[in-house]
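Got two chains here, each in a separate frame; can you build the complex from them with the hints?
Spelled out from the first residue to the last, the chains are:
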Amino acid sequence: EPEVTQTPSHQVTQMGQEVILRCVPISNHLYFYWYRQILGQKVEFLVSFYNNEISEKSEIFDDQFSVERPDGSNFTLKIRSTKLEDSAMYFCASSERDRGGGELFFGEGSRLTVL
Amino acid sequence: GESVGLHLPTLSVQEGDNSIINCAYSNSASDYFIWYKQESGKGPQFIIDIRSNMDKRQGQRVTVLLNKTVKHLSLQIAATQPGDSAVYFCAEIGAEGGGNKLTFGTGTQLKVEL
Numbered sequence: 027e028p029e030v031t032q033t034p035s036h037q038v039t040q041m042g043q044e045v046i047l048r049c050v051p052i053s054n055h056l057y058f059y060w061y062r063q064i065l066g067q068k069v070e071f072l073v074s075f076y077n078n079e080i081s082e083k084s085e086i087f088d089d090q091f092s093v094e095r096p097d098g099s100n101f102t103l104k105i106r107s108t109k110l111e112d113s114a115m116y117f118c119a120s121s122e123r124d125r126g127g128g129e130l131f132f133g134e135g136s137r138l139t140v141l
Numbered sequence: 704g705e706s707v708g709l710h711l712p713t714l715s716v717q718e719g720d721n722s723i724i725n726c727a728y729s730n731s732a733s734d735y736f737i738w739y740k741q742e743s744g745k746g747p748q749f750i751i752d753i754r755s756n757m758d759k760r761q762g763q764r765v766t767v768l769l770n771k772t773v774k775h776l777s778l779q780i781a782a783t784q785p786g787d788s789a790v791y792f793c794a795e796i797g798a799e800g801g802g803n804k805l806t807f808g809t810g811t812q813l814k815v816e817l
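Residue numbers (this note's numbering), protein chains in the order written: chain A, 27 to 141; chain B, 704 to 817.
Incorrect hints may appear among the rest.
Unchecked claim - Simulated pairs of lysine-lysine, BS3-like, Cα-Cα distance not exceeding 25 angstroms:
| id | chain 1 | residue 1 | chain 2 | residue 2 |
| --- | --- | --- | --- | --- |
| 1 | A | K68 | B | K771 |
| 2 | A | K109 | A | K68 |
| 3 | A | K109 | A | K83 |
| 4 | A | K104 | B | K771 |
| 5 | A | K68 | B | K745 |
| 6 | A | K109 | B | K745 |
| 7 | B | K774 | A | K68 |
| 8 | B | K759 | B | K774 |
| 9 | A | K83 | A | K68 |
| 10 | B | K745 | A | K83 |
| 11 | B | K759 | B | K771 |
| 12 | A | K104 | A | K68 |
| 13 | A | K83 | A | K104 |
| 14 | A | K68 | B | K814 |
| 15 | B | K814 | B | K771 |
Simulated from the structure, these hints should not be mistaken for laboratory data.
With the rest of the complex left out, here is chain B (with noise of 0.2 angstroms):
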């Protein structure tokens, strides 16, 4: 069946570094990706989102790269901070679909180190 996953379930970073966190999916009528961020005890937390016609958007601290040839989508943050620490979700809307019906990826667990 369809699918979105994510390769790592943890990330470990130094503050300051740059983090990458990747994401899989298996449909290719996918037209509509986002990544959240979910902090302990809260819901998901819109970071930054990119359509398939595009392969590169640029939030504040954070890219988002779509490649939809090996169907990748990867969120980088820029110089990772202690409040970065959180499960990151890719999650995909299909273009078949309607709504805003997302299906989230398992989640990596981002750990910033001071």
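Here chain A stands alone, though its shape is the one from the complex (with noise of 0.2 angstroms):
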């Protein structure tokens, strides 16, 4: 079965150090997307992406936070310069088709730690 794949599965950081976090998506989805788990919260969205652009972004995506899509297959989350609040997990996620057309596959998840 596809997957969508994600490194490292853990990063460990000083706070004010950049970080990027990778995606493989699965190979025929169009739309991207990263979610994050604070330890013992709800996933909250973050971003969504499509035809090499930010289709939408909450709240938490301040300017710290950026997406790429380098080549045809990568899917990259990067913030800027870390604070102890972004310790939490980073989910990539990623579905054929928009607005609940299809099943949204999530990867296994990054877990940030920043001290």
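What follows is the structure in structure tokens.
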């Protein structure tokens, strides 16, 4: 079964450092997303991406965050200057269609720990 | 603000019994609902979905019921198995929004006792 893969599985970084989380969405999917989950809390939407541009972003997704699809397979989330409160599990997701027209597949997540 | 919330944080059931996990939502404009299962250390896994023009949908061992009048969603798992132990989230997409921007509930931990 096709799957979304994410790297690294766990990253520990110092506050103020830049972090890049990588995702390989399912190959025929066109819509890409990042969500995050702070430990013990619910999953929160960060950003959606289609046709090489951001479709929608949440209030969490401020100027410290950026996304990019540098080639035909990778989808990255960059946090420019990490803060303690950025510590969370970050999930990448992809779907074939928009607006609930297709199942949203999630990766297994990248755990970010900011010290 | 708009929210999707769950009634119970933890549900314990005996193996073989049926499980019912409930969810309340507040956005009356929501038109698509999904149940996800999240096992420890893994990402959310799609279980079943339902559109607002339906009130019931069945899958393999799972049934989702939607009551738009009281803005309530439930997930029924038949003959619960140890492998069903996980956190279950309901999620919704509002009609006014775009894409697959999901609003998740806080989750219910399902524990299956042998």
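- Item | Straight-line alpha-carbon gap K109 of chain A to K745 of chain B, limit 25 angstroms | Between K109 of chain A and K745 of chain B the Cα gap is close to 24 angstroms, so the pair holds against 25 angstroms.
- Is the straight-line distance between the alpha-carbon of K68 of chain A and that of K771 of chain B 25 angstroms or less? Within the cut-off at roughly 23 angstroms; holds.
- Query: Are the Cα atoms of K83 of chain A and K104 of chain A separated by 25 angstroms or less?
  - Reply: holds, 14 angstroms
- Measure nothing beyond the straight line between the CA atoms of K759 of chain B and K774 of chain B; if it is 25 angstroms or shorter, mark the hint as holding. holds, 14 angstroms
- Between K68 of chain A and K814 of chain B, is the straight-line Cα distance small enough, at 25 angstroms or below? holds, 18 angstroms
- Message: Run the distance test for K814 of chain B versus K771 of chain B: straight-line Cα separation, threshold 25 angstroms.
- Response: violated, 28 angstroms
- Pairwise hint evaluation, K68 of chain A against K774 of chain B, where the allowed Cα distance is 25 angstroms at most: holds, 20 angstroms
- Are the Cα atoms of K104 of chain A and K68 of chain A separated by 25 angstroms or less? holds, 21 angstroms
- Message: K104 of chain A and K771 of chain B were given as a pair; does the straight-line alpha-carbon distance stay at or below 25 angstroms?
- Response: This hinted pair is violated, its Cα atoms lying about 39 angstroms apart.
- Decide if the proposed pair is consistent with the structure: K109 of chain A and K83 of chain A, CA atoms, cutoff 25 angstroms inclusive. OK: K109 of chain A and K83 of chain A at ~19 angstroms, within 25 angstroms.
- Message: What's the verdict on K759 of chain B and K771 of chain B, does the C-alpha distance respect the 25 angstroms limit or exceed it?
- Response: holds, 11 angstroms
- Message: Hint check: K68 of chain A vs K745 of chain B, CA-CA at most 25 angstroms. Holds or violated?
- Response: This hinted pair holds, its Cα atoms lying about 14 angstroms apart.
Going down the numbered hints, you'll see the structure goes against 4 and 15, while the others check out.
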